[in-house]
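**Student:** The residues making up each chain are set out below.
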Amino acid sequence: MYTISKDNLNSLYAKIASSYDLFMPIKKAGQTNYGFWNEDAEADIETLKTVKSGKDAFFPQVETLYNVNKTIIPADVAASDDAEKAADTPIKTKLEVVPGKFVDQDFVIFGMKPCDVRGIEVMDNVFLKDFVDNYYKSRREHGIVVSLACHAPEESCFCTVFGIDPADPSKSVADVATWIVDDKLVWKPLTEKGEALTAVVKDLLTDDSAVDSKVDAEITSITEISKKLPYANLSLEDWGAGKTDEKFNDETWSKIYQGCLGCGTCTFVCPTCQCYDIKDYTTKNGIQRYRCWDSCMYSDFTLMAGGQNRPTQLQRFRQRFMHKLVYYPTNNDGMYMCVGCGRCVEKCPQSKNVVKVIKAFENKK
Amino acid sequence: MCECGKSQDMLIPQVGIITGITQETPDVKTFRVNAPGGGKLFEHMPGQCAMVCVPGVSEGMFSITSSPTNKEYMEFSIKKCGILTEQLHSLQVGDQITVRGPYGNNFPVETEFKGKNLLFIAGGIGLAPLRSVINYCIDNRENYGRIDVLYGSRSADDLVKLKEIQEVWQNVPNMNVYLTIDREQEGWDGHVGFVPAYLKEIGFTTDCIGITCGPPIMIKFVLQGLKELGFTDEQIYTTLELRMKCGIGKCGRCNIGSKYVCKDGPVFRFDEIDELPNEY
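The listed protein sequences correspond, in order, to chains A and B.
In terms of the working numbering, the first sequence has 357 at position 357, counting the first letter as 1, and numbering is strictly consecutive.
Residues are numbered in the working numbering as their position in the second sequence, beginning at 1, plus a constant of 365.
No lab work stands behind these hints: they were computed from the structure.
It should be emphasised that the depicted structure is a prediction, and the values quoted were computed from it without experimental measurement.
Any given hint could turn out to be false.
Said to hold, decoys possible - Only pairs whose alpha carbons sit at most 27 Å apart, straight line, appear in this in silico BS3-like list of lysine-lysine:
no.: 1; chain 1: A; residue 1: 94; chain 2: B; residue 2: 405
no.: 2; chain 1: A; residue 1: 243; chain 2: B; residue 2: 585
no.: 3; chain 1: A; residue 1: 94; chain 2: B; residue 2: 394
no.: 4; chain 1: A; residue 1: 52; chain 2: A; residue 2: 15
no.: 5; chain 1: B; residue 1: 585; chain 2: A; residue 2: 92
no.: 6; chain 1: B; residue 1: 436; chain 2: A; residue 2: 92
no.: 7; chain 1: A; residue 1: 279; chain 2: B; residue 2: 585
no.: 8; chain 1: B; residue 1: 445; chain 2: A; residue 2: 92
As the list claims (entries may be wrong) - The following label-pair restraints were derived from C-beta to C-beta distances:
no.: 9; chain 1: A; residue 1: 64; chain 2: B; residue 2: 639; range: 35 to 43 Å
no.: 10; chain 1: A; residue 1: 283; chain 2: B; residue 2: 456; range: 30 to 38 Å
no.: 11; chain 1: A; residue 1: 303; chain 2: B; residue 2: 435; range: 31 to 39 Å
no.: 12; chain 1: B; residue 1: 404; chain 2: A; residue 2: 203; range: 27 to 35 Å
no.: 13; chain 1: A; residue 1: 283; chain 2: B; residue 2: 404; range: 48 to 56 Å
no.: 14; chain 1: B; residue 1: 581; chain 2: A; residue 2: 363; range: 50 to 58 Å
no.: 15; chain 1: B; residue 1: 547; chain 2: A; residue 2: 104; range: 40 to 48 Å
no.: 16; chain 1: A; residue 1: 303; chain 2: B; residue 2: 519; range: 21 to 29 Å
no.: 17; chain 1: B; residue 1: 387; chain 2: A; residue 2: 259; range: 46 to 54 Å
no.: 18; chain 1: A; residue 1: 29; chain 2: B; residue 2: 456; range: 27 to 35 Å
no.: 19; chain 1: B; residue 1: 552; chain 2: A; residue 2: 130; range: 47 to 55 Å
no.: 20; chain 1: B; residue 1: 598; chain 2: A; residue 2: 258; range: 46 to 54 Å
For every residue, glycine included, the Cβ atom is placed at its ideal position computed from N, Cα and C.
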């Protein structure tokens, strides 16, 4: 394992940023969130929970899928243009579809916590299985994930319930695992991509085998804290694959959903929520077709001309949690679509979070 | 499931040109679509859908109503009932749109349907997806047994593809067409009454596969009617419709239970629907 002094981290960021775009927790206006590092940015890897999870590194909040260029063609020109002729029909407005750009440069996501790294795994199952989403895929191929162990998990954390180890990022799908031990950052490459990044910053790192025992002690310390957290013993016993009938028809939903404002905050801070909308933006030369995050909590998410199909907030609330705790596991070998990051616990204005839902079903027994 | 199109980027459309428009009913038009250089944009199987888009307005999922046996063009029968469909109805021959697809599964015309008698039950614009199957079966007539079509609409003016039904379908050997409209109407000497009631009145035998599409309330009572006649869930197929954006099971809109209607459907057998939460 390698180490670098915490005092020297800004040199590390600068070195990475000289070769890659560096996406990492940045403190701005009192909040810490993912952003691109530059020399004026205030990097912050001490704050445990960034406001959002950093999933936008792979699934941006807004991205262009393609542009449609419109050209008006005078009728006489259209009629004489043989190549464009179909069934003797003159073309009046010519459309041209120009696909959006795929990411083709490597970039680095630094300081992602193990729960948020699991969030990437969850999205992989959506975007890379069956029909491959090439926009997501290009980001996954070029993104290098540096995960940081959670030095001190907080009260709203419950990642261990989902089998995530906050103490050891080397068990995640990250490319580099890091820990903060004393006044050092410990650096351990896990994959080929991680080795490549390590080679770039190697001059700043010290090969330090003596730190191994300290990392072990840090892992033990984090594990001990995790065990004592208030939600550490949440039970998922009755959830998971194949529980659709039993859970969908349960009376508990009609009580627990009450108070949900349908604001969608939970879906936007969630590391695993990946529902999206595709919309048009009319520009000077044509139309930009973009995709943006959407929320199943919104009343028009599924609304059709006939009023279907989830007209009530009860139905929408149930959909979100059934998707996370039953439908997704059914389609993905039991993996849950929740990572226990606790952001919804902290951010929901009505405290209608996933912990409340799991507990409501526990309590009725 | 159809494997075609999986290799290309399924979110990027192709440009299509409208080469024909038929006013079917006061609020339904059938659009003929070709690639700008002629020919079809892509191949499909009966029951599959495509995302049709008027750039700058919106995009929606529509069933491809023409049969794959039609090698020259694709058709979409579209009812005017919202922002996108109103815009589509204002288009003229020669206008360009974008189309992507095909999406979803298809009716099992080459497997479960083969060699069987088929009973199609449609209401209103619900004929659109079934027409693709019916014409496919007509064009491969030797592969199927008796074909019955029971089709109803609000009025005689609302029967989609009436000309094709009268001039083609009614002259196909071993094929019977039963038409009905909701209320009495001058100049109509055919049957009057709702589709489910007419279904029971005719009393079809259970030696066939039932395939139904129409408004949700009609499907509900058709299913009841078929059950009363002795049909089992495994003998009945339908096609579902929900709001869709991506068409490839990712955007989350058409999710019911562990299924996505856009990729796991739109065609479902009724025993499969029974397993879904009641939310469609």
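**Student:** Evaluate each hint against the coordinates.
**Tutor:** Hint-by-hint comparison with the structure:
1. Distance restraint check for residue 94 of chain A and residue 405 of chain B: the Cα-Cα separation of roughly 18 Å lies within the 27 Å cut-off, and the hinted pair is therefore satisfied.
2. Pair hint residue 243 of chain A plus residue 585 of chain B holds up; C-alpha atoms about 26 Å apart against a cutoff of 27 Å.
3. Under the criterion of a C-alpha separation no larger than 27 Å, the hint pairing residue 94 of chain A with residue 394 of chain B is consistent with the structure, at around 23 Å.
4. The hinted pair formed by residue 52 of chain A and residue 15 of chain A meets the criterion: a straight-line CA distance of about 25 Å does not exceed 27 Å.
5. Restraint check for residue 585 of chain B and residue 92 of chain A: the C-alpha separation of about 45 Å exceeds 27 Å, so the hint is violated.
6. For the hint pairing residue 436 of chain B with residue 92 of chain A, the CA-to-CA distance comes to about 25 Å; that is within 27 Å, so the pair holds.
7. A hinted pair counts as satisfied when its Cα atoms are at most 27 Å apart, and residue 279 of chain A with residue 585 of chain B does not qualify at roughly 34 Å.
8. Proximity of residue 445 of chain B to residue 92 of chain A is assessed by CA-CA distance (about 23 Å); at most 27 Å being required, the pair is judged to hold.
9. In this structure the hint that residue 64 of chain A and residue 639 of chain B lie 35 to 43 Å apart at CB holds, the actual value being about 42 Å.
10. Between residue 283 of chain A and residue 456 of chain B, the C-beta spacing of about 21 Å breaks the proposed range 30 to 38 Å.
11. Under the hint 31 to 39 Å, the C-beta atoms of residue 303 of chain A and residue 435 of chain B, about 34 Å apart, fit the expected range.
12. Between residue 404 of chain B and residue 203 of chain A, the C-beta spacing of about 60 Å breaks the proposed range 27 to 35 Å.
13. The supplied range of 48 to 56 Å is broken by residue 283 of chain A and residue 404 of chain B, whose beta-carbon atoms lie about 31 Å from each other.
14. Here the CB-CB span from residue 581 of chain B to residue 363 of chain A is close to 36 Å, at odds with the stated 50 to 58 Å.
15. At roughly 58 Å, the beta carbons of residue 547 of chain B and residue 104 of chain A sit outside the given window of 40 to 48 Å.
16. For the hinted restraint 21 to 29 Å between residue 303 of chain A and residue 519 of chain B, the CB-CB distance of approximately 24 Å keeps it satisfied.
17. Separated by about 52 Å at the C-beta atoms, residue 387 of chain B and residue 259 of chain A satisfy the suggested range of 46 to 54 Å.
18. Residue 29 of chain A and residue 456 of chain B have their C-beta atoms about 48 Å apart, which leaves the hinted 27 to 35 Å range violated.
19. The hinted window of 47 to 55 Å between residue 552 of chain B and residue 130 of chain A holds, with their beta carbons roughly 51 Å apart.
20. Take residue 598 of chain B and residue 258 of chain A: their Cβ atoms lie about 36 Å apart, and the range 46 to 54 Å is violated.
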